[in-house]
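UniProt numbering applies: residue 1 is where the sequence shown begins, and numbers increase by one.
Worth flagging that the hints you see were computed from the coordinates, not collected in a lab.
One thing to keep in mind: the hints can contain errors.
[What the hints assert, rightly or not] With a straight-line Cα cutoff of 16 Å, these simulated EDC-like cross-link-like pairs (lysine to aspartate or glutamate) come out: (1) LYS302 / GLU182; (2) LYS302 / GLU184; (3) LYS288 / GLU194; (4) LYS254 / GLU227; (5) LYS294 / ASP203; (6) LYS224 / GLU182; (7) LYS304 / ASP203; (8) LYS224 / GLU253; (9) LYS248 / GLU227; (10) LYS288 / GLU233; (11) LYS254 / GLU233; (12) LYS276 / GLU217; (13) LYS248 / GLU233; (14) LYS294 / GLU233; (15) LYS304 / GLU173; (16) LYS304 / GLU184; (17) LYS294 / GLU206; (18) LYS248 / GLU229; (19) LYS200 / GLU282; (20) LYS276 / GLU184; (21) LYS271 / GLU217; (22) LYS224 / GLU261; (23) LYS294 / GLU182; (24) LYS248 / GLU234; (25) LYS288 / ASP195; (26) LYS276 / GLU182; (27) LYS262 / GLU217; (28) LYS254 / GLU282.
[What the hints assert, rightly or not] The following label-pair restraints were derived from C-beta to C-beta distances: (29) ARG275 / ARG169: 55 to 61 Å; (30) ASP153 / LYS325: 52 to 58 Å; (31) THR175 / ASP153: 56 to 62 Å; (32) ARG181 / LEU221: 56 to 62 Å; (33) GLU253 / ALA220: 48 to 54 Å; (34) LEU91 / GLU324: 39 to 45 Å; (35) GLU77 / GLU300: 49 to 55 Å; (36) HIS321 / GLU201: 25 to 31 Å; (37) GLU324 / LYS69: 32 to 38 Å; (38) GLU77 / SER296: 52 to 58 Å; (39) GLU303 / ALA220: 57 to 63 Å.
Even glycine gets a Cβ: it sits at the ideal position worked out from N, Cα and C.
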Amino acid sequence: MNGTRNWCTLVDVHPEGQTAAGRKTYAMVSGRSTGHSLASELVESNDGHEEIIKVYLKGRSGDKMIHEKNINQLKSEVQYIQEARNCLQKLREDISSKLDRDPGDSLQGQEIQVVLEKANGLNPSSTTRYSSPPEVDTYINEDAESLRKTVQDLLVKLQEVERQHQSDRAAFEVTLSRYQREAEQSQVALQRAEDRVGQKEADVGELQKRLLGMQAEHQALLAKVREGERALEELQSKNTDCQTEREKAARLEKEVAALREKIHHLDDMLKSQQRKVRQMIEQLQNSKAVVQSKDSTIQELKEKIAYLEAENLEMHDRMEHLIEKQISHGHFSTQTWTKTENLGSVRISKPPSPNKPMPLIRVVET
């Protein structure tokens, strides 16, 4: 694996009795798209003597320019290595044909052949007429051990990704259930608030009717007071010494005093009712503001629930796709299971700003 930790080539070394066509090369390269965290692809090389299995890994988020630069560099390196492989293959074929024509230099040709096989990343072919030296066997064993370790690492990573997926799914389900409970509670609270608002509106209507009746009665009493005052003035202007007139005047004065006291009492009651009406109006406006706030909260919760349900369905579809892909790759000789998991581009919406409280309207008595 090179220094960027994005690409590596593994050679599947077969026993000496196996042909060159059975060789496989395993390559772990950087992901082709950001939609898959793990994916594999079976590709045959240009010369047809080996199979290349590419495992795509999900790159880190951020630093896209550096990541793309590393990918382009790796692509150029891969192309260069392929060209070098082809050149070495042609050179090996030329040397083999030359050795076939000149058997005298067979030992030297065998050493050159082994060196070329090592440079190309392949084990010596079983069709060679000479036994391989101990250095080649050591190289074969090291490559086989490296392949086994790489396969084990990939399986461990796959298990870690599965565990992470299960934990994320459980967290999403818990969050979804919590949002549903909050939405139900908000709906119940909204219904109760609407009922209270309706009751308060009915009370306000009844109080307004009573206020209108009291205002009419107040006007009638004022008219009676003015009429009594005029009669008293007329009696006082006549200035008669009649006892009956004095008694009538005293009675009228008492009636006027009683009416004034009653008017004063009615004024107090009217002011009290006006204060109650103003308080009811303020409470009604506050209740409407609370209802609007609850309604916006319910709408936000519904949007979050819809988003989580859509994301859950998408994760379920990808799990089914992963299972189908694992079944389709079940016939490989290495028994390597790869899992495709795409957590998707999670769009994290900006948290809604808290609703500004609506201004309270106060009725000012003039």
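Hint check:
1. LYS302 / GLU182: Holds, at about 10 Å.
2. LYS302 / GLU184: Holds, at roughly 10 Å.
3. LYS288 / GLU194: holds (8 Å)
4. LYS254 / GLU227: Holds. LYS254 to GLU227 sits at ~14 Å (cutoff 16 Å).
5. LYS294 / ASP203: Answer violated: LYS294 to ASP203 is near 23 Å, above 16 Å.
6. LYS224 / GLU182: Given that 16 Å is the threshold and the Cα spacing comes to 62 Å, the pair is violated.
7. LYS304 / ASP203: violated (38 Å)
8. LYS224 / GLU253: holds (13 Å)
9. LYS248 / GLU227: Given that 16 Å is the threshold and the Cα spacing comes to 15 Å, the pair holds.
10. LYS288 / GLU233: violated (55 Å)
11. LYS254 / GLU233: Holds, at roughly 14 Å.
12. LYS276 / GLU217: Violated, at roughly 19 Å.
13. LYS248 / GLU233: holds (12 Å)
14. LYS294 / GLU233: violated (64 Å)
15. LYS304 / GLU173: holds (12 Å)
16. LYS304 / GLU184: Within the cut-off at roughly 14 Å; holds.
17. LYS294 / GLU206: The given pair, whose Cα atoms are some 28 Å apart, is violated under the 16 Å limit.
18. LYS248 / GLU229: holds (13 Å)
19. LYS200 / GLU282: holds (11 Å)
20. LYS276 / GLU184: violated (34 Å)
21. LYS271 / GLU217: holds (15 Å)
22. LYS224 / GLU261: Since the Cα atoms of LYS224 and GLU261 sit roughly 13 Å apart, the hinted pair holds (cutoff 16 Å).
23. LYS294 / GLU182: Roughly 11 Å separates the two Cα atoms, so the pair holds.
24. LYS248 / GLU234: With a Cα-Cα distance of about 12 Å, the restraint between LYS248 and GLU234 holds, given a limit of 16 Å.
25. LYS288 / ASP195: holds (11 Å)
26. LYS276 / GLU182: Cα-Cα ~35 Å, so violated.
27. LYS262 / GLU217: Distance ~11 Å between LYS262 and GLU217 Cα, so the pair holds.
28. LYS254 / GLU282: Distance of about 42 Å is beyond 16 Å: violated.
29. ARG275 / ARG169: 55 to 61 Å: Roughly 58 Å apart at Cβ, these two residues keep to the hinted range, so it holds.
30. ASP153 / LYS325: 52 to 58 Å: Cβ of ASP153 to Cβ of LYS325: about 20 Å, so the range 52 to 58 Å is violated.
31. THR175 / ASP153: 56 to 62 Å: Given about 33 Å between the Cβ atoms, the range is violated.
32. ARG181 / LEU221: 56 to 62 Å: 59 Å Cβ-Cβ, so the 56 to 62 Å window holds.
33. GLU253 / ALA220: 48 to 54 Å: Violated, at about 20 Å.
34. LEU91 / GLU324: 39 to 45 Å: holds (44 Å)
35. GLU77 / GLU300: 49 to 55 Å: Given a distance of about 50 Å, which is inside 49 to 55 Å, the answer is holds.
36. HIS321 / GLU201: 25 to 31 Å: violated (56 Å)
37. GLU324 / LYS69: 32 to 38 Å: Check passed, 35 Å falls within 32 to 38 Å.
38. GLU77 / SER296: 52 to 58 Å: About 56 Å separates the Cβ atoms of GLU77 and SER296, which means 52 to 58 Å holds.
39. GLU303 / ALA220: 57 to 63 Å: holds (59 Å)
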